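Quick mapping for you: the protein sequence lines, in order, are chains H and E.
Heads up: the first sequence is residues 1 to 348, going by my numbering.
Heads up: the second sequence is residues 349 to 662, going by my numbering.
It is possible that some hints are incorrect.
Stated by the list, open to error - Which stretches of chain E does chain H cover? Using the computed rule of at least three CB atoms under 8 angstroms from a CB of chain H, they are:
1. 372 to 379
2. 485 to 494
3. 613 to 624
4. 631 to 639
Unchecked claim - Computed list of lysine to aspartate or glutamate pairs in EDC-like fashion (alpha-carbon distance at most 20 angstroms, straight line):
5. 18(H) to 343(H)
6. 18(H) to 307(H)
7. 420(E) to 439(E)
8. 577(E) to 554(E)
9. 508(E) to 94(H)
10. 508(E) to 304(H)
11. 233(H) to 343(H)
12. 508(E) to 343(H)
Hints are computed from structural coordinates only; laboratory data are not their basis.
Quantities reported herein were computed from a predicted structural model and do not represent experimental measurements.
Yeah, the Cβ is synthetic: ideal placement off N, Cα and C, and Gly gets one too.
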Amino acid sequence: MNNPITLNKLRHSAGPWKLGWRRLRQDRVAMCSLVVTMAFTIIMLCSYAGLIARNWNAEVANSYSPPTLHVVTNATSAKAPVGIQRDDPGPPVDISDIDPLTPYYQEWQERTKNIAVVQAEHATHLLFGADKWGHDVLAKTIKGSEVSISVGIVAALLAVLIGTALGALAGYFGGWIDTLLEWLYNVLTSLPYILLILAVAAVFSRGFTTIIMILGLTGWTGIYRLIRAEYLKHTDRAYVRAAQALGASHASRMFRHILPNVSHVILVQFSQNVVGFIKAEVILSFLGLGVPVDMVSWGTILAETQEELVLGKWWQLVAAGGSMAILVTAISMLTDAMRDALDPKLQE
Amino acid sequence: MSLSQFLLRRILQALPTLLGVMLLVFVLFNWVGGDPAYILAGKISDPARIASIRQQLGVDQPYWVQFWIFIKQVCTFNFGRSWSTSELVSDILLSRVGPTLTVMIPVLILETLLAVLFAVLVAYVRGSLTDRMVMMSCTVAMSISFLVYIIVGQWLFGFKLGWFPVQGWSDSVITNLVHYAPLPIFLTVLVELAPSLRLYRSFVLDEMNHDYVRTARAKGLSEHAVMLKHVLRNAAIPILTNLGIALPGLFVGSFLIEVFFSIPGLGREVVESVNRSDFPVIKATTVYLAILTMLINLLVDVMYRWVDPRVTFK
Numbered sequence: 001m002n003n004p005i006t007l008n009k010l011r012h013s014a015g016p017w018k019l020g021w022r023r024l025r026q027d028r029v030a031m032c033s034l035v036v037t038m039a040f041t042i043i044m045l046c047s048y049a050g051l052i053a054r055n056w057n058a059e060v061a062n063s064y065s066p067p068t069l070h071v072v073t074n075a076t077s078a079k080a081p082v083g084i085q086r087d088d089p090g091p092p093v094d095i096s097d098i099d100p101l102t103p104y105y106q107e108w109q110e111r112t113k114n115i116a117v118v119q120a121e122h123a124t125h126l127l128f129g130a131d132k133w134g135h136d137v138l139a140k141t142i143k144g145s146e147v148s149i150s151v152g153i154v155a156a157l158l159a160v161l162i163g164t165a166l167g168a169l170a171g172y173f174g175g176w177i178d179t180l181l182e183w184l185y186n187v188l189t190s191l192p193y194i195l196l197i198l199a200v201a202a203v204f205s206r207g208f209t210t211i212i213m214i215l216g217l218t219g220w221t222g223i224y225r226l227i228r229a230e231y232l233k234h235t236d237r238a239y240v241r242a243a244q245a246l247g248a249s250h251a252s253r254m255f256r257h258i259l260p261n262v263s264h265v266i267l268v269q270f271s272q273n274v275v276g277f278i279k280a281e282v283i284l285s286f287l288g289l290g291v292p293v294d295m296v297s298w299g300t301i302l303a304e305t306q307e308e309l310v311l312g313k314w315w316q317l318v319a320a321g322g323s324m325a326i327l328v329t330a331i332s333m334l335t336d337a338m339r340d341a342l343d344p345k346l347q348e
Numbered sequence: 349m350s351l352s353q354f355l356l357r358r359i360l361q362a363l364p365t366l367l368g369v370m371l372l373v374f375v376l377f378n379w380v381g382g383d384p385a386y387i388l389a390g391k392i393s394d395p396a397r398i399a400s401i402r403q404q405l406g407v408d409q410p411y412w413v414q415f416w417i418f419i420k421q422v423c424t425f426n427f428g429r430s431w432s433t434s435e436l437v438s439d440i441l442l443s444r445v446g447p448t449l450t451v452m453i454p455v456l457i458l459e460t461l462l463a464v465l466f467a468v469l470v471a472y473v474r475g476s477l478t479d480r481m482v483m484m485s486c487t488v489a490m491s492i493s494f495l496v497y498i499i500v501g502q503w504l505f506g507f508k509l510g511w512f513p514v515q516g517w518s519d520s521v522i523t524n525l526v527h528y529a530p531l532p533i534f535l536t537v538l539v540e541l542a543p544s545l546r547l548y549r550s551f552v553l554d555e556m557n558h559d560y561v562r563t564a565r566a567k568g569l570s571e572h573a574v575m576l577k578h579v580l581r582n583a584a585i586p587i588l589t590n591l592g593i594a595l596p597g598l599f600v601g602s603f604l605i606e607v608f609f610s611i612p613g614l615g616r617e618v619v620e621s622v623n624r625s626d627f628p629v630i631k632a633t634t635v636y637l638a639i640l641t642m643l644i645n646l647l648v649d650v651m652y653r654w655v656d657p658r659v660t661f662k
């Protein structure tokens with residue numbers, strides 16, 4: 001075989017990440033999921049940068065405008081007077097001589113003339129409809145996704161960071177460090193997870209940073225357990241011993257030698273945590289324990305939908321619930337595919 | 349090792365964990381949570397009133413004395429009174445457990461039976477279109493927020509179709525079970541079925557790849573007998589573990605369900621206590637649930653032996 005390409009291939013055999021990516025690329029479902037996840041991330045980043053959905057809070061349509069594709073030509077429905085209409089209003093009754101406010105009417109009318117009233121330009125059609133205050137539901141959902149997804153990602157990063165660091169310490173050093181961290185793990189897992197979150201939420205004030213801290217600080221136990229098990233396995237392997245013989249420090253062995261070999265576990269756990277935390281944020285915000293009232297997230301949108309549904313206004317529920325379901329399905333399927341693609345035991 | 353020795357050792361092992369839980373709760377509510385006197389006294393309060401509340405609660409004592417008071421509270425089941433309703437905390441907890449269990453026990457039974465049944469059926473036709481479709485719908489079903497299920501379910505079956513009451517609760521267990529609980533039970537089972545089904549399917553599949561299954565088939569047993577007697581019996585061990593993990597959550601119930609359907613259960617009580625900063629109620633619930641979790645774990649370990657004769661106490 002004198003073919004230079006073959007030789008080149010032999011010299012540089014593909015690493016596990018490259019192999020994993022190659023396998024992932026053949027999986028059509030995984031690639032679709034990746035595209036959806038990337039699309040959501042791009043929308044979220046655009047919204048964060050202020051490129052889109054900046055004015056979600058503006059009144060752009062009539063209250064509860066239904067979602068429509070085309071321009072509604074018959075705009076009378078918007079102008080129709082609200083309230084009970086009597087068939088026969090009867091002749092107007094003059095009560096000015098008994099009305100104590102009569103002397104003031106003239107003055108008030110003068111004053112109102114001086115106040116400029118700006119009537120907001122109302123859109124005639126919105127693709128996703130409008131909410132109670134006339135906000136565009138599409139812009140609101142995008143803004144909500146920014147909060148929900150960023151909470152999920154940042155909290156998952158925090159959880160992964162804590163879980164990996166503590167898991168590495170416990171698995172690598174063993175001894176009293178391991179005993180101490182196992183004790184901490186047992187303490188945190190001896191409570192139902194949701195009760196732990198609520199107990200922590202009870203003592204902290206509401207806020208964007210707080211909810212990230214709560215989810216991150218309580219959600220690291222799963223990844224800690226897995227990373228600890230991996231480090232227990234790897235610490236005595238030949239390549240780590242070899243690094244030790246060459247004079248590599250503890251930190252170098254832990255993070256430069258072992259960490260790359262367990263990084264696939266971290267990636268899978270990270271995306272699993274993102275899904276879990278997005279779901280948790282929605283529920284916490286619904287209960288009023290999540291993001292503050294001046295922010296909008298999928299959870300706060302869903303909190304409005306309970307009474308809307310009774311009135312027959314279904315579009316906010318579909319927009320927020322639907323976009324969340326699409327994103328979470330995409331990440332879950334991607335996670336499943338990544339787990340298979342990156343598992344060294346399943347390599348062909 | 350005999351059963352009593354095993355139990356004694358496990359209980360001794362659980363003590364440091366229990367101490368840790370109490371320490372965690374103590375740090376959260378007595379240290380991070382701030383001075384309870386300010387919460388209790390309200391916005392307009394004079395220093396004398398705050399001082400008297402502090403003395404009453406013992407928060408003017410050093411931290412180690414406060415922690416000792418807390419341990420005594422845990423041991424004597426006496427957490428004093430709720431800060432917002434002045435009910436005895438022990439009365440609150442005991443009266444809230446009933447409604448939660450009225451909903452959650454049927455949920456647990458129905459969900460386990462359905463999940464195991466479907467898991468065995470789906471695992472039996474693994475790789476087929478049915479299997480893939482069921483797994484796919486499970487993933488999608490798990491992605492929809494619990495909130496959406498409850499909001500839509502309550503609206504559709506309670507409000508629109510009128511098959512069930514929208515919400516409510518009574519004092520009679522029978523009325524609750526036949527009248528108020530069915531919709532909450534149905535919705536919770538609907539939500540929890542998908543993750544359980546996926547998990548149990550993987551347990552059953554693991555067992556089906558073992559040699560003993562081939563042996564059972566080779567000796568001419570019916571598929572029925574292979575699946576139900578051999579495979580399911582062995583898959584019962586991880587299923588039991590999973591149930592053990594889920595069991596403590598049973599007592600907090602599905603707090604969202606309780607909030608939406610106005611069920612006076614433990615879950616709703618916790619959510620309300622969090623909103624009202626009613627620390628004694630949350631503290632008591634947290635500690636006793638931790639103790640319950642440890643007891644249930646112990647029970648599951650004992651039950652392993654009953655399911656799997658190979659397991660010995662060690």
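Given the hint that residue 18(H) pairs with residue 307(H), test it: the Cα-Cα distance must not exceed 20 angstroms. violated (50 angstroms)
Verify the proposed pairing of residue 508(E) with residue 94(H), using a straight-line Cα cut of 20 angstroms. Outside the cut-off at roughly 47 angstroms; violated.
Cβ contact check, 8 angstroms cutoff: the segment 631 to 639 of chain E against chain H, three residues minimum: holds (count 4)
Closer than 8 angstroms Cβ to Cβ for three or more residues is the test here. Does the segment 485 to 494 of chain E pass it with chain H? holds (count 7)
Keeping to a limit of 20 angstroms between CA atoms, is the pair of residue 233(H) and residue 343(H) held or broken? holds (16 angstroms)
Restraint check for residue 508(E) with residue 304(H), where alpha carbons must lie at most 20 angstroms apart: Judged against 20 angstroms, a Cα distance of about 18 angstroms means the pair holds.
For residue 508(E) and residue 343(H), compute the direct alpha-carbon distance and say whether it is at most 20 angstroms. violated (49 angstroms)
Satisfaction of hint between residue 554(E) and residue 577(E), Cα-Cα up to 20 angstroms: holds (15 angstroms)
Tell me if chain H covers the segment 372 to 379 of chain E under the three-residue, 8 angstroms CB rule, please? It holds, with 4 qualifying residues against the three required.
Need the status of pair residue 18(H), residue 343(H): alpha-carbon distance at most 20 angstroms? holds (13 angstroms)
Please work out if residue 420(E) and residue 439(E) have their alpha carbons no farther apart than 20 angstroms. It holds: about 18 angstroms lies between the C-alpha atoms, which stays within 20 angstroms.
Within the segment 613 to 624 of chain E, is the number of residues with a Cβ closer than 8 angstroms to a Cβ of chain H three or more? Since three or more residues must qualify, the claim that chain H covers the segment 613 to 624 of chain E holds, with 5 doing so at under 8 angstroms.
Violated hints for the displayed structure, listed by number in ascending order: 6, 9 and 12.
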